[in-house]
Amino acid sequence: MDKFTQHSGVVLPLDRPNVDTDAIIPKQYLKSVKRAGFGPNLFDDWRYLDPGDPSIDNASRRVNPDFVLNSPDYAGATILLGQENFGCGSSREHAVWALTDYGIRAVIAPSFADIFFNNSFKNGLLPIVLSETEITKIFSEERKYKQNQQRYTLNIDLAAESVTTPNGDSYHFEIDQFRKYRMLNGLDDIGLTLQHRAEIKTYEERHKREEPWLFSN
Amino acid sequence: MIKAKTLYDKLWEAHTVRQEDDGSTLLYIDRQFLHEVTSPQAFEGLRMAGRKPWRASASLAVPDHNVPTTDREAGITDPVAKIQVETLDNNAAEFGITEFKMGDIRQGIVHVIGPEQGATLPGMTIVCGDSHTSTHGALGALAFGIGTSEVEHVLATQCLVQKKSKSMLVRINGSVGSGVTGKDIVLAIIGKIGTAGGTGYAIEFAGEAIEELSIEGRMTVCNMAIEAGARAGMVGVDQKTIEFVKNGDVGRAYAPSAEQYRDEQWSRAVEVWQQLHSDIGAEFDALVELDGVDIDPQVSWGTSPEMVVSIGDRVPDPQAETDLIKRNGMERALIYMGLEGGTKINEIAIDKVFVGSCTNSRIEDLRAAAAVAKGRHKADRVKQVLVVPGSGLIKQQAEDEGLDKIFLAAGFEWRDPGCSMCLAMNADRLEPEERCASTSNRNFESRQGQGSRTHLVSPAMAVAAAVTGHFVDVRELMRGVK
Numbered sequence: 564m565d566k567f568t569q570h571s572g573v574v575l576p577l578d579r580p581n582v583d584t585d586a587i588i589p590k591q592y593l594k595s596v597k598r599a600g601f602g603p604n605l606f607d608d609w610r611y612l613d614p615g616d617p618s619i620d621n622a623s624r625r626v627n628p629d630f631v632l633n634s635p636d637y638a639g640a641t642i643l644l645g646q647e648n649f650g651c652g653s654s655r656e657h658a659v660w661a662l663t664d665y666g667i668r669a670v671i672a673p674s675f676a677d678i679f680f681n682n683s684f685k686n687g688l689l690p691i692v693l694s695e696t697e698i699t700k701i702f703s704e705e706r707k708y709k710q711n712q713q714r715y716t717l718n719i720d721l722a723a724e725s726v727t728t729p730n731g732d733s734y735h736f737e738i739d740q741f742r743k744y745r746m747l748n749g750l751d752d753i754g755l756t757l758q759h760r761a762e763i764k765t766y767e768e769r770h771k772r773e774e775p776w777l778f779s780n
Numbered sequence: 500m501i502k503a504k505t506l507y508d509k510l511w512e513a514h515t516v517r518q519e520d521d522g523s524t525l526l527y528i529d530r531q532f533l534h535e536v537t538s539p540q541a542f543e544g545l546r547m548a549g550r551k552p553w554r555a556s557a558s559l560a561v562p563d564h565n566v567p568t569t570d571r572e573a574g575i576t577d578p579v580a581k582i583q584v585e586t587l588d589n590n591a592a593e594f595g596i597t598e599f600k601m602g603d604i605r606q607g608i609v610h611v612i613g614p615e616q617g618a619t620l621p622g623m624t625i626v627c628g629d630s631h632t633s634t635h636g637a638l639g640a641l642a643f644g645i646g647t648s649e650v651e652h653v654l655a656t657q658c659l660v661q662k663k664s665k666s667m668l669v670r671i672n673g674s675v676g677s678g679v680t681g682k683d684i685v686l687a688i689i690g691k692i693g694t695a696g697g698t699g700y701a702i703e704f705a706g707e708a709i710e711e712l713s714i715e716g717r718m719t720v721c722n723m724a725i726e727a728g729a730r731a732g733m734v735g736v737d738q739k740t741i742e743f744v745k746n747g748d749v750g751r752a753y754a755p756s757a758e759q760y761r762d763e764q765w766s767r768a769v770e771v772w773q774q775l776h777s778d779i780g781a782e783f784d785a786l787v788e789l790d791g792v793d794i795d796p797q798v799s800w801g802t803s804p805e806m807v808v809s810i811g812d813r814v815p816d817p818q819a820e821t822d823l824i825k826r827n828g829m830e831r832a833l834i835y836m837g838l839e840g841g842t843k844i845n846e847i848a849i850d851k852v853f854v855g856s857c858t859n860s861r862i863e864d865l866r867a868a869a870a871v872a873k874g875r876h877k878a879d880r881v882k883q884v885l886v887v888p889g890s891g892l893i894k895q896q897a898e899d900e901g902l903d904k905i906f907l908a909a910g911f912e913w914r915d916p917g918c919s920m921c922l923a924m925n926a927d928r929l930e931p932e933e934r935c936a937s938t939s940n941r942n943f944e945s946r947q948g949q950g951s952r953t954h955l956v957s958p959a960m961a962v963a964a965a966v967t968g969h970f971v972d973v974r975e976l977m978r979g980v981k
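Residue numbers (this note's numbering), protein chains in the order written: chain A, 564 to 780; chain B, 500 to 981.
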């Protein structure tokens, strides 16, 4: 997994609540057996005006000019700014893969759905929870920058647990310390767990003695 | 005095391998279900790291999302879907994992076949790369959906690193009326607490109305815990749970066997299972209560499961909503759904009907659907009614009971088992702007096909809509029947 330490990038505002993983990456793209290549179809239904499918070349499709991802102002954006319950619905990790494949490194929202939140950490995508007031403020600042035709960038410092705006305002975010450590060091979760191999074995043997029916097949 | 524990506490503690100071827990997983969509990258990860499954027999694989529900003999025609299902076949073979392949009568929707086979047992921790894994909690298990990286983690270590969620008790006081099902109960709950109301919680469902549900009905309720944001939903073990494990209509190959019913292992298991309920006085972090008598058949009107009302209600008017973000969401949903605020629900006409999915494709659901369909025919305006059983064994049982004949006589289509039009990964899908009465679990934009309009309902309500061409209170329809 890629390390995440500090990141500075342009903000992509997606001002709607309950963005579900079906919207992030529609089902027809889930047939792939690979982890890469989902970026071109990130937010596919909102991004294009006509239907898409793995067999259709995106270049032949009509782009939705009203969708934020298609605005040249946001080309190269790497920080997605969202609303409450971001990533709800299906457990598909493909949603996270689509975001990272597109180039998104962090998502900032007032709340996340649990499975999406977990999946993000496994892929070096940092989900940051800020308060609704802070989010509202960032959305509004971003709008002002856009009106002035300026690109709005945020600086994220994982070690310091902070998000800093172009004005110098700094917002603190909470993060689970174990997750932070793994993100900062880009560690392999499985390798870490397997350090406890003997403990797992001991547990398993006792569990099997106590409830053998759980091991019947 | 021993502290009173919740069911969630008991399941959690019984599976804790180790706990870090910050609360991160290494949790042992008893069962992992695998399907073709969220597993290929996990197996690829194992292969690349040169790892083997920790305990291959803990996993059970089945293709369900992509499989065709008709013309099975022809195989899968979509070449990309075919590769994905073949990849599951190959991975299961390579890593020594049992798989119920497409031609196997035990094949079906992963959350249907687990309990059916006895591969889901009370007291287990159960995971699957699918958010509706919460279904299995109906048997007094801790079951939740995970992502593909976690699928790989469980394959390699039989464990997951988790932090304990908060606990929520959702209690339905008193009974629900006849014609009101588990589906209506859970939709009413989601309508009350919202799609993020359960985020960060494990929900236990309790109260008279839940106790009175069959295990199938409880599975429907737990299935949709995730639509309220909760990864896990569960119901305490009672006599019904034990009878379900013991007396499967189809024989639960994975459960303690028939001979063992008489032996010591079975009695020991039952003893353990009987402890799987929240103790009297156990404390929950949150409590939600509904009165059963207040719950009517539900119909969703928008693009999130929380956008739901009773059949006698009207589509809500966004102008009455004071929260701006919510109002915008409602307006967006109404445009997408092609509806106007104030419209009576029973005046909304439908184009298609889907009876199926891990929410509502069990034998009880098919019986409820058939009871309404019997002696009736789909309305002329309804283009298609799909009935998709949850497994090959359920299909066979339904046919033994003659349910297929009732459906066919009503002009419905009787299909082979799979996820089908719940998420429309196979050929079963809606056309843009088609309106569907669906027994599935999500009414998200484009969920059932690009531009599709989904209304979530119970099986009986879906068939009532099929035979009248619009939503109708199934209780009125059934009143006229002797």
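Think of the hints as simulated: they come from the structure by calculation, not from any bench. Just so you know, even glycine gets a beta-carbon here, dropped at the ideal spot from N, CA and C. Wrong hints could be hidden among the right ones.
Unchecked claim - Some residues of chain B that are not near chain A, with every Cβ distance over 12 Å (derived):
#1 Val536
#2 Glu585
#3 Glu649
#4 Glu651
#5 Lys662
#6 Leu786
Claimed, not checked - Listed next, the in silico DSBU-like pairs over lysine-lysine satisfying Cα-Cα at most 35 Å (straight line):
#7 Lys709(A) - Lys904(B)
#8 Lys504(B) - Lys743(A)
#9 Lys663(B) - Lys873(B)
Each hint, compared with the structure:
1. Val536: Label violated. Min Cβ-Cβ 5 Å, cutoff 12 Å.
2. Glu585: At about 10 Å from chain A, Glu585(B) fails to clear the 12 Å cut-off, so the statement is violated.
3. Glu649: Check fails; 7 Å does not lie beyond 12 Å.
4. Glu651: 7 Å, violated
5. Lys662: Violated, since 7 Å does not exceed 12 Å.
6. Leu786: 20 Å, holds
7. Lys709(A) - Lys904(B): Answer violated: Lys709(A) to Lys904(B) is near 62 Å, above 35 Å.
8. Lys504(B) - Lys743(A): Holds, at about 31 Å.
9. Lys663(B) - Lys873(B): Given that 35 Å is the threshold and the Cα spacing comes to 47 Å, the pair is violated.
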